[in-house]
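Chains as they are written, first to last, in the working numbering: chain A, 1 to 970; chain B, 971 to 1295; chain C, 1296 to 1536.
Calculated from the structure, these hints are not laboratory results. Some clues are possibly wrong.
Partial pick of chain C residues on the chain A-facing surface, computed with a CB cut under 8 angstroms [claimed, not checked]:
1) K1319
2) G1328
3) D1397
4) L1451
5) P1454
6) V1469
7) R1475
8) Y1480
9) D1507
10) E1529
11) T1530
12) D1532
As the structure is a computational prediction, the values presented were derived from the model and not from experiment. Every residue, glycine too, gets a C-beta built ideally from N, C-alpha and C.
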Amino acid sequence: MQDPTSQSDSDLGRVEVKETTCYMCACRCGIRVTLRDGEVRYIEGNPDHPLNKGVICAKGSSGIMKQYSPARLTKPLLRKPGSERGDSDFEEISWEKAFDLMQERLGKIRAEDPKRFALFTGRDQMQALTGMFAKQFGTPNYAAHGGFCSVNMAAGLIYTIGGSFWEFGGPDLERSKLFIMIGTAEDHHSNPMKMALADFKRRGGRFISINPIRTGYSAIADEWVPIKPGTDGALMLAIIRELIHQGLYDREFLIKYTNSAELVVDDPKRDDHGLFRRFEMHVEEGCFDPENKLWWDRELDREISTHTPGTDPRLLGSFMLDDGTPVKPAFQLLKDRVEEYTIEWAEDITGIPADTIRRLAHEMGVVARDQKIELPIQWTDSWGNEHDSVTGNPVSFHAMRGLAAHSNGFQTIRALGILMTILGTIDRPGGFRHKAPFPRPIPPCPKPPKGPEGVQPNTPLDGMPLGWPSKPDDLFVDDEGEAVRIDKAFSWEYPLSVHGLMHNAITNAWRGDPYKIDTLLLFMANMAWNSSMNTENVRDMLKDKDENGEYKIPFLIVADAFQSETVAFADLVLPDTTYLERHDAMSMLDRPISEYDGPVDSVRIPVVEPRGDCKPFQEVLIEMGSRLGLPAFVREDGSRKFRNYPDFVTNYETSPGSGIGFLAGWRGKGGEKFLKGEPNPRQWEMYQKNGCVYHHKLPKSYQYMRNWNQGYLEWARYHGMTRYVEPITLHLYSEVLQRFRLAAQGKLPGKQPPERLRKRVAEHFDPLPFYTAPLEHKLVDTHQYPINALTQRPMAMYHSWDSQNAWLRQIHTHNYLFVNPKLGEASGFGDGDWIWIESPTNKVRCMARFSEAVEPGTVWTWNAIGKATGAWGLSNKANESQKGFLLNHVISEELPPCEAGDHMSNSDPVTGQAAWFDVRVKIYPAGPEEPKVTSPQFKPQKRVPGQDQRRGKWQAFFAGKFRRKHNIGD
Amino acid sequence: MHPAFSVIFLTTLIGAGQGLFLALYTGQLYSLANLLPVQSDKFYAVGSLAAIALLIGGLVASVFHLGRPERAWRAATQWRTSWLSREVIVLPAAMALTFLYGLFHYLGWTDPLFVISETLPVDLTLIIGALATVATFLLFLCTAMIYASLRFIKAWHSPLTVANFLFLGVASGFMLAAAFSAYLGNNLVSFYGTWAVVATLLGAITRGFSLYRNTRFRCKVDLKSAIGVHHSDLHQKAQGFMGGSFNTREFFHGKSEGFLLMLRYGFLLMVFVLPVILIVLAYILESTRLPMAAFVIQYFGLLIERYHFFTEAKHPQNLYYQSMA
Amino acid sequence: MTQLALVIDLNVCVGCHACVTSCKEWNTSGWAGPLTDQRAYDEDPTGTFFNRVQTYEAGVFPHTETYHFPKSCLHCEDPPCVPVCPTGASYKREDNGVVLVDYDKCIGCKYCSWACPYGAREIDEKQRVMKKCTLCIDRITDMTLPESQRKPACVLACPTSARLFGDVHDPNSVVSIAIREEGGYALQPEWGTKPANHYLPRRKTRIQIHEDELVRADNPLKKEQLPSLPEGGETLDDVAW
Ligand SMILES: Nc1nc2c(c(=O)[nH]1)N[C@H]1C(S)=C(S)[C@@H](COP(=O)(O)OP(=O)(O)OC[C@H]3O[C@@H](n4cnc5c(=O)[nH]c(N)nc54)[C@H](O)[C@@H]3O)O[C@H]1N2
Ligand SMILES: Nc1nc2c(c(=O)[nH]1)N[C@H]1C(S)=C(S)[C@@H](COP(=O)(O)OP(=O)(O)OC[C@H]3O[C@@H](n4cnc5c(=O)[nH]c(N)nc54)[C@H](O)[C@@H]3O)O[C@H]1N2
Ligand code: SF4
Ligand code: SF4
Ligand code: SF4
Ligand code: SF4
Ligand code: SF4
Ligand SMILES: [Mo]
């Protein structure tokens, strides 16, 4: 063997290094791809990339195996005439034929009733394009994964602080001293979170994890606080109560930057009860929060307009206005609200000892108060006050689906937002920090159409398919107050469902409630498996026929890159490229990858040729947009406007001459502008030169306090990031919610909820956070189903994508149900035994693994490891399908019938967030005679034309030799 | 450890071969000292042939253990440090010497070259035989030291391993010699039988002792030391992969305690008890069949013994492979 | 003499497996490759990896600690796997202490793996030679790479920088400092193999809040106390004498 020191790896073949953006998950790290003789040799983190600074994760490093996966789709496919849906019997067709088919079908739908076309997309990052396509088509039936993902987190915080965790903001761990992570296993900010967490720990920061389970990040926490699922609201409210009682809140912050001191009408008899008392002032029509509200001046002992210089208002108290209106500052209402939420009360609900809760509250309060950070950064606030420094309270939080994926999640997250607010940690050093384009007005400006008339043949949708209602009149309902969208988003059932309810789209379309649709296009969403609730039944719905023998969902188009479970149900399959084969834009119009210090967006540029006949879905949309003559895609004369997707990205502007397009960097004719500017023909090149990323660092004085930072807000307005320069006051008290409640109580004129929903809306649209058990816990017999069942993201696997990956699947080959040994023994089985897990919906047979790292009332498993037999290019004997299991079968997409209706989504009543983690189960041993395979099993899915033949027993990847040896690709 | 059949056959076959050679040579010495009747050269030649056949059989078996047998010659290079390498050198040497020993007998080169102290006529076979004896003992040492030198595998890391390999090899070889003599119908049966019984009993003592030792000791290291977390209640949850790996295939036998117990009683019976009884019976009954039966039973017993030898070995690497998820 | 090694910080390792697959990725097409997989898309997939991350739990709920534990060859200073190798295929480099296998010499007898108490070696069942972590010898010694890249793949990948790389014999290297200052330890030190790789233990940060720290003079609640001057009404001044 040659001495390794005598040869360089790069001598082994023709080497090229190309930079692009990873998409083994939604984190979107910068990567460098080294090719040897045209084959992927090595994928490493791009050290110059602001997001991941050179590191890479397990998935990112395994991109090679995704590229050469035998699950790849390479040909457009049409279900064979006479074959049944789900049988996976396809014939290869040409793209031309596929386009013709779609053009004919969609053209007809558009001319008759555009809403009969529904477009739902999964974990994609091109909602800017898919959403725009839907709007242009004229259908409101569009949403991405947000509704079943984490809309509670987005909405709960955006309706409170104008930004959120997730891709919108996060904890400033660089300066924090105390960090509390709640209900997070892995999350989107995958690599950056790991980097920050490690640095934080090394600097001596204290890390507390609140989670029923201790794995992953929680493993390295200084303290693990196990909590009963669905009860965080109780914990947060008790902590808020303790902080208020101890005076451990940032009074100055609350007064200046939140609506805490603003006076709320406090007279239940009045129609404006619970609304801020506003005085007459000329206000522009808009989505911002005008400052025509009142404080109670302690000196004058009377009301005064907010932010009057020199005033120190009261936060607590009960007052009477001159005109006799009883009012209370919002903070007093919060204090009244949390009065009943004592620590001892929370102990019973959460299972966390009272002493621990009290200590947590004191740690947060005292660290925030006593370890103040002061940065010598000069800035000016919205009221013209000059500040010589930026200060911060170094307590930060991060939370994700552990809060979001419960039906009480919205209010829980509101409580968290308020907790962060009273600690004074919003967009301040050491606390929570926004990422551009956030903060945005509360709520942000885009609105859905106002009613059925927003949908017209051959016409773009009047409004955005997804938007941010701020009052009942913004709801998208018909005259009866019922839904217009197929997923019933923006109806009274889920008024603030700002990301839609993809998880109910199939069930509703199947049932024809509210109506039947014709064509469902699923892009990058595995709805016949891991992203559906009640999966076994949903699979049947996809196959179900009406009395005429027609499929209840007549036409199903699936755009996927791999042979997923959903592909088997398609009528038409559009094979997509992989991330290494296509152009992509991580756009400011969607969810870019901004940093705390300024906007960042990025692109993908192909590093290898597409395999077979696969085609970027972006190109499909541009082609279809042009063929269907959607206004944004064609010129006046109807001719095609954009050559292809890169051309579209370069030249598209949100409206002619707006200067706002998909990419923020290097705009203007020569690339001299950013965020806003004329299209630049060489924009792609400039991105490429810069590692496919654009990072605009804001001046230091614009990096903090952005909700009220005059300089920043003006800058953002100037560059088209926001519409208004108004301060974004934090909604400790949510008047928006109160408006919906008043409507439900019949006190607000305008749109009214149907009777069956009045009580529900009135209860859940509470302007202040409250605790109530998750809906499902109240509707199922919790004695019969005493246990909570959860899933978690494994760090080395992304949803269903990675089981076809030869390397990653060796790490997670199948999954177990993790059970606390005490629970397992009480349930009559041992470590490693086969057991049943059963909910009112369905039951699943799986294997148990004992673990002391889980709260005894909870069981859990890794998400989406289990597979349907034969899918993903795996053999029928693959462990994923024989030993692995999918928990989704036991999770219902609908609640048991209740007062609000017989088919209410199993979702948060405010946002429509899928309540994955509310499911209640029982567990018991499987009989000794039962087969040692998971149940349910499905008929093995057949391989499709164009997929690789089964690979041999051995696979030895060696870049530069592999494709030839294995006869893969072109 | 996962019992490696190639190695099980290697060690038992060459052990018997070595023992057989020692039996032949002992016989020759005894007859020189007039303690036994002189045997024909053919007896030694055929006997040596059998010994070589066994050695070759072992060698062939060992090839199956190698991933790259075509390079096996390289294994002779590290004799300074590696017992395996030493074995690789000594085994062919022992084979060659045994071969020469047989060959010289076959050729009848037994004229004394010189006579020591007027009583001990020294011929070529005696010299070669002496050398072969040295090689044979060295081979026992090398083979056994391959295992005994692995200080992490406590079950093996003991002089008992050398003693066992030696005594059991000798026992089976003498047993075979007894069987061979019985087959030929010559008068060495009881001589070989007696020594076979002696070796078997010695083996029973050392093997018995090592069995006892192996069921009692605890590994020097535990999980705490393996991962450096000093907690009295440590459990593995995931080992980093789920479809198995070299680590889970090579170092685990995967057999139940019950099965192992059965094996243990099986080999104790077959290696020690039955052969001794059979030899004693053969002695009493003057049977020619029983010694053959004794050898066959003992050899199969040794296969089981060697299998068990592997299962006894608890490799510290196994601390890292206790559970998957 | 130089002894290159990894120091793995269990204090920050979150068990993400980045080091596992980045290692596989680099090495499968490199000097020590390929790292063969068996039944890659079938039942019980298995393959050669140089590095694995395991998970352990300590204690009983709720006092549970979870540990993620990456393990690759420890490049022992007194490597028991080397002297036992009959072919000399296993060797420890003089210049930097890295323990390597020469696939051209290896006969696949597996003896070295028996001699390694750490389970750090894995045979490649297809190529039928012994393989193990090379400390990315073909990266760290490749002078055509920029210095920042002359590090093992797993070290560059690790998002928490839980993997430090350097010369444990140089008292001023990052690894030596970490071992010295953060309580670095070796695995199974009882054997005297002197693993060059070290591990850093979990460390905990606690905050002690004393009762008397809770209320400060500037407690904001004071600001909310109403100036409770009752208007009018009798006082003692009116009635007592
Ligand atoms: N039980 C349970 N279920 C859950 C969750 C849970 O916590 N518990 N989490 C939910 C959440 S938050 C989410 S976001 C969803 C995720 O669910 P989905 O969004 O459905 O995600 P995947 O199933 O990974 O991916 C969908 C499809 O994308 C395909 N794909 C991958 N790359 C490409 C590509 O480049 N182009 C195209 N066209 N297709 C591609 C994959 O082959 C796959 O079929 O799962 C939900 N499901
Ligand atoms: N590697 C990898 N990364 C991913 C993904 C992936 O599939 N793989 N998916 C991506 C997607 S789409 C999403 S949405 C994000 C989601 O990122 P996470 O929000 O981290 O998602 P989950 O894995 O669902 O983690 C939920 C956590 O909440 C805990 N939990 C559940 N119920 C409760 C509760 O009531 N209270 C508290 N305190 N905790 C609770 C669970 O134990 C679990 O640890 O991850 C993204 N990142
Ligand atoms: S975190 Fe996601 S985007 Fe980043 S390297 Fe890993 S898979 Fe790729
Ligand atoms: S860890 Fe094992 S393989 Fe590596 S040097 Fe030490 S003994 Fe040898
Ligand atoms: S397997 Fe190879 S490296 Fe290991 S001892 Fe045998 S010859 Fe040496
Ligand atoms: S040093 Fe290199 S070979 Fe060793 S584990 Fe790390 S990446 Fe793998
Ligand atoms: S890459 Fe780093 S954090 Fe991830 S498992 Fe390996 S050592 Fe741990
Ligand atoms: Mo998600």
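How the hints compare with the structure:
no. : hint  : verdict
1   : K1319 : 6 angstroms, holds
2   : G1328 : 6 angstroms, holds
3   : D1397 : 4 angstroms, holds
4   : L1451 : 6 angstroms, holds
5   : P1454 : 4 angstroms, holds
6   : V1469 : 13 angstroms, violated
7   : R1475 : 16 angstroms, violated
8   : Y1480 : 18 angstroms, violated
9   : D1507 : 11 angstroms, violated
10  : E1529 : 24 angstroms, violated
11  : T1530 : 22 angstroms, violated
12  : D1532 : 25 angstroms, violated
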